[in-house]
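So the sequence lines, in the order shown, correspond to chains Z and V. All letters in the first sequence, in the order written, are residues 1 to 681 by our numbering. All letters in the second sequence, in the order written, are residues 1001 to 1129 by our numbering.
Source of the hints: derived by calculation from the structure; they are not laboratory data. No experiment lies behind these values; they were computed from the predicted model shown. Treat the hints with care, as some may be off.
Here's a subset of chain V near chain Z, in silico, CB distances under 7 Å, partners left out [claimed, not checked]:
id : residue
1  : Tyr1097
2  : Asn1103
3  : Pro1104
4  : Tyr1106
5  : Gln1113
6  : Ala1116
Even glycine gets a Cβ: it sits at the ideal position worked out from N, Cα and C.
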Amino acid sequence: MEAAAGGGCGSGPPLLLSEGEQQCYSELFARCAAAGAAGGGPGSGPPEAARAVPSAATAAAGPVADLFRASQLPAETLHQITELCGAKRVGYFGPTQFYIALKLIAAAQSGLPVRIESIKCELPLPRFLMSKTDAEIRFGNPTELHGTKVQIPYLITEKNTFKRMDDEDKQQETQSPTMSPLASPPSSPPHYQRVPLSHAYGKLRSNTEQMHPAPYEARQPLVQPEGPSSGAPGTKPPRHQASLIRSFSVEREPQDNNSNYPDEPWRITEEQREYYVNQFRSLQPDPSSFISGSVAKNFFTKSKLSIPELSYIWELSDADCDGALTLPEFCAAFHLIVARKNGYPLPEGLPPTLQTEYLQAAFPKPKRECALFDSYSESMPANQQPRDLNRMEKLSVKDMADFPVPTQDVTSDDKQGLKSTVDEALPKDVSEDPATSKDSNSLKARPRSRSYSSTSIEEAMKRGEDPPTPPPRPQKTHSRASSLDLNKVFQPSVPATKSGLLPPPPALPPRPCPSQISHLRVNSKRSAQRRPPTQLPNYGDFRLQKQSEQAPEAEIHPQLNRAPSQAAESSPAKKDIPYSQPPSKPIRRKFRPENPATENQDTSTAVGGPATAAAVKPHAAVQKQSSKQKKAIQTAIRKNKEANAVLARLNSELQQQLKEVHQERIALENQLEQLRPVTVL
Amino acid sequence: MNYPLYIRSAPTENELKFHYMVHTSLDVVDEKISAMGKALVDQRELYLGLLYPTEDYKVYGYVTNSKVKFVMVVDSSNTALRDNEIRSMFRKLHNSYTDVMCNPFYNPGDRIQSRAFDSMVTSMMIQVC
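Let the sequences and hints guide you as you build the complete structure.
Written as structure tokens, this is what we have:
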């Protein structure tokens, strides 16, 4: 799994292997691994194991030791080599270590000092005198000194994989030469992928931690004391922050302290673990509790994996099939997603390193401080309030490259569910209406969201988070006392500024409003003042009913004010008339027909300039109330009269029909009499 | 309405015939469900037993409380299969089905694509055949 050879030689300490060396080394590794029965390729391990055994096996110490001894180097040298290659450090011979060791052996055999720098040079193949004949044959061929480095395929692949991780390719490319020491056999493309994994992950590691990013860089910790490879780590930290923030595809660091090498891609490193735990906590404050299925579904759907894949990952990770994810299960699922995003095919079964018991044993719950996650902790407040879900979404937006701004349909549910309970004052457009049903579902599913406070939403909005869809009207029925039809009226789209209109005064039926208006107009005529904006609520409903919802009150005001003021101006003497005939003034169409034509003409002709459209003085309010009542009575009387008229008409029509029916009946009876031949005696 | 969430035949020839048999047996299942009476819904046993025998095959039915029907067609010549074995097979099917349901990414009504479910069914069929 060793990434292919890096770009150039000399910049960092890359380990370049020629083709011959690659083949040789991989063969050796395969032999050692097979000989050591180091579990080449676990059943659940990455399928790459099937393709290239060396990559998926740990070379057992026994065969490796034999091999090294066969190189006929002094024991001290071998010890040195072992140490340098990093096997001592990691505790086993992974491919990286093995290859480095082989290279060092070659260097030693060539007479070069056993040091990391030696590896930089092109070296003959190490020579081993082994009992196995093929080994002799193979190792006895020191003449391969191909200058060709397998750079291109690796870089290309690396680019592809890096693109996937959404990091700057350039940075990665420049970094890759320094970070990809080993050249793997070109025939194993999946291994290429693994390099980006570790490289990307290496970038994510913090400066302070200085854990070796990859087996390839196993040297680096050793080298760091020596100081040669300071360049590479130096470049890492600045990128780290950025990539950490950006990249959701955290790749686990292979072989940190792991003994089970074959499960390398399925092993969760400490940093990854921390990250997963933090994400878990953002979804579910209690680390010992679990995440419900719907919450997890929403979260994982952001990863943009296909639903069948997510379904399969869930199937793998939810070991107890209870529809909820405990922390280990969550980490396993997250890890699988991460791996999948980076190109690893999903395993057939849950790898042992991802199983619950293993995870619980390997990583005790107490979290560790990690400078890494400063960026997360910033955006994830310590208070594990449900609004973390909102922040988690923002976090995911910001932090997860592979979880870009969540798709509308996915997060709209989240956001709506989260904000719906808050945003009664922020009704949005009609398009949200279908989402309200989703809201109810999401509300049920996530009761935590109900505790959202409006402040958090506003903060979130102020932060510039871009909610995919604005929260819809949360409830179809207001808790406040208001008529339902008014809700519907307001629901379609009432800008927040009209929030004042939301509760129309229940005490005032719509009808009196026009009378109020007229009365107010009367007052305004007298005072030539505008209506106070407080009149708005009174007129809100009918105005909306009449006009488009966008119609600001201002339009109405001028109109209303215009009319009365004009009328006032034109006919100050008609004060009483307007007063007694309130319906004349209001724009309300119902009352228009009843208005005396004169009044209308006056108003219509006089409509030319808004003239005095000042707000009515507050003192008008007092008079308004008494006039309100009168208007109410008058309008009621009018209504009743109309109803009476209608009913009377109806009555007359029905009477008419009744008469006709009677007549028909009589006629029919006559006919019957005539037709009956003999009358009954 | 009545569409298969999951259908599988062991010998893959004549698959259509099996599909047809399963489909027609749905009517029998519905009949049995309704025949048990509305009052007995709670006590209704999930295992319906032999739905109807044909000359070659026996068809067993099982219905869950959510009206999801499991139909099993076995060869009549397979006399080794006893009733309680059939019951246990249905129970395993039911358990696997609930596991599928627990997956939040599974939408009820979708075809079942769970690998665990597949493997369970495969193992059962191998065991029987």
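Unmet hints by their number, sorted upward, for this structure: 1
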